[in-house]
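These protein sequence lines are chains D and E, in that order. The first sequence begins at 1 in the numbering used here and counts up by one. The second sequence begins at 1 in the numbering used here and counts up by one.
These are calculated hints, taken from the structure and not from any lab test. Note that this is a predicted model, so its numbers are computed, not measured. The C-beta atom is built at its ideal place from N, Cα and C for all residues, glycine as well. Possibly wrong hints are sitting among the right ones.
Stated by the list, open to error - Just some of the chain E residues that point at chain D, by a computed CB distance under 10 Å:
{"no.": "1", "residue": "G72"}
{"no.": "2", "residue": "L73"}
{"no.": "3", "residue": "Y75"}
{"no.": "4", "residue": "A92"}
{"no.": "5", "residue": "F95"}
{"no.": "6", "residue": "R97"}
{"no.": "7", "residue": "F99"}
{"no.": "8", "residue": "A100"}
{"no.": "9", "residue": "K106"}
{"no.": "10", "residue": "L113"}
{"no.": "11", "residue": "L121"}
{"no.": "12", "residue": "H122"}
{"no.": "13", "residue": "R155"}
{"no.": "14", "residue": "H173"}
{"no.": "15", "residue": "F269"}
{"no.": "16", "residue": "N274"}
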Amino acid sequence: MIKYLQIFRVSLSERLAYRADFMLATVLRFLPMITTILLWQAVFTGSGQDELSGFTYRNMIAYLLLVHISRMFSSMPGLATGIARDIRDGNLKRYLLQPIDMQAYLLAYRGAHKVAYIATAGLPYAGLFFLCREFFDGFPEPPILAAYVLSLLLAFLLGFFFEVCMGMVGFWFLEVTSLLYVVNTLNFFVSGQMFPLDLLPAPWAELLKALPFQYLAYFPATVFLGKIEGWDLVRGLAVQAGWTLAFILLARWLYQRGLRRYSAFGS
Amino acid sequence: MPIIAAHNLAKTYRVFQKKEGLLGAVRGLFRREYKEVHAVAGVSFQIEPGEIVAFLGPNGAGKTTTLKMLSGLIYPTSGSAEVLGFVPWDRADAFRRRFALVMGQKNQLWWDLPAVDSFQLHKEIYSIPSDNFQRTVAELTELFHVKDLIRQPVRELSLGERMKMELIAALLHQPELLLLDEPTIGLDVVAQATIQRCLLEYNRTRGVTMLLTSHYMRDVEALCSRVIIINHGRLIYDGPLSGITEQFGQAKLIKLHFAESVPPDLARFGELTNGRGPVADLKVERSQVPLILAEILEKYPIVDMSVQDPPLDQMIARVFQEGPRQAPADSAREAQ
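Sequences and hints are given; from them, build the entire structure.
Structure below.
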């Protein structure tokens, strides 16, 4: 455990070297937000309604800002492709030769990456949310806020182990980038990043809410907006934790199976 | 107790056979045909503590596959091995702390970071105590003469410098066994010599056991007293370096310097590999050397002469071609 904390520390100092890149990336990532705001303004004006599936115009913009925060925790750019590439190019060897667990190492590394990113992107984010403060109905109560933070941390773990599972596909297929492209594009939709899942007609909304992907973006954002409360909130967090555990176990299992294959066939 | 004990180690790969053309590719989707490749077909050997052993063979002979089995990366199809008292493919942590594998064609260091950062990471991975780590880094950077370079990003280093950093990283946890897969590949003669000197020095002071593959006979001559040769997955020689000459070196090279120009009929004694002006190189069968020399000395005025073994490269090339130990008669016939 101490080993991985140290790896976290070393990786953190490495990642902080890129803080200027992070700042710029954050600012650039919010430019499309302006068009999104304009788009939804047009949608609401055009529909003539104040509310769409329980979301007012202000709610909607707040939601779309909040899914950015969700994804800041749950997105893992390059993780799955990196694992698949390590398998294909034989760099997986180092995890087999050295006394180190691949997933724990990558988790420590990713964790450091995220902390560095969130620490440096925090300032531009704060500025942006201040500019957009009129879209929010004030700050949530402490218990809701605590639940929100917990759901973000679980979103990080869920996102991490989901991507690890995707990367493990590299044990069986040499080429995984097109598969990952499809998954990521779908994910943008099914996680609720594009718009709140409630906007979909009944059977689809229910179906997508039964899948684990909503916990990567939709769930934390709606928790912050106070749309999920009481026992629903507790149950939501429990299900999110359940999915996270399921993907942790799946990642382990896939790694064991993959290694058996790798060790039998070589790289 | 031997550091490495391999017994009938064998590895068979199943390779997908793609048929020619588009039709073949489509057919391959439904019915796959596989071919069995016997990469290693039962090799046995033992390596004792402190030895530096060269592991030779042409490309595809099974060297890397054997190294991969000994380091626990792949399972054998049959046979057994014990390395440092462990079964390598169990990949016990205690085992992994005690050896290192360095591949000349693969780098383990972080490309964009100074080597010292990668060293730091190794310190954490292997849980090396701080004072121990500081001392080892100081010693090794001294030994390899790279003290000033450890703070430069690895991508800015030359190939030779990078290889030195790779070796230092591999030695930080003070492994008892070092497996080296072509450690000097692509390096110039000077860098090669430095690496050889450092490895030899490290072996002398620390007694670390080394098994190395290389295509450079200079490496072998500089480092190894013992040589294991495999070809087509089988062991064809295991013994001292000098033994190769005895067993396979059926030819000798006679270098002659005549007082006048080279006599035209010299080729009747053997293979004339060089004959310009008064100088000639004559390759003859070893048993014939005294007779031929006597005749030449009697017939022609000679300024200078010497009898040598053919270069190791040539000898090894012949060993690769000839395969398993053959009776001297066979080799002699081929030499004629």
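These are the hints, each one checked on the structure:
1. G72: Interface hint status for G72 of chain E: holds (7 Å vs cutoff 10 Å).
2. L73: OK, holds: L73 of chain E within 10 Å of chain D, min 6 Å.
3. Y75: holds, 5 Å
4. A92: Since the shortest Cβ distance to chain D is 9 Å, the answer is holds.
5. F95: With a closest approach of 9 Å, the F95 of chain E hint holds.
6. R97: This interface hint holds because 5 Å falls under the 10 Å limit.
7. F99: holds, 8 Å
8. A100: For A100 of chain E, the interface hint holds, since the closest Cβ of chain D sits about 8 Å away, which is under 10 Å.
9. K106: holds, 7 Å
10. L113: This interface hint holds because 6 Å falls under the 10 Å limit.
11. L121: holds, 6 Å
12. H122: holds, 8 Å
13. R155: violated, 14 Å
14. H173: Status holds, d = 9 Å.
15. F269: violated, 50 Å
16. N274: violated, 44 Å
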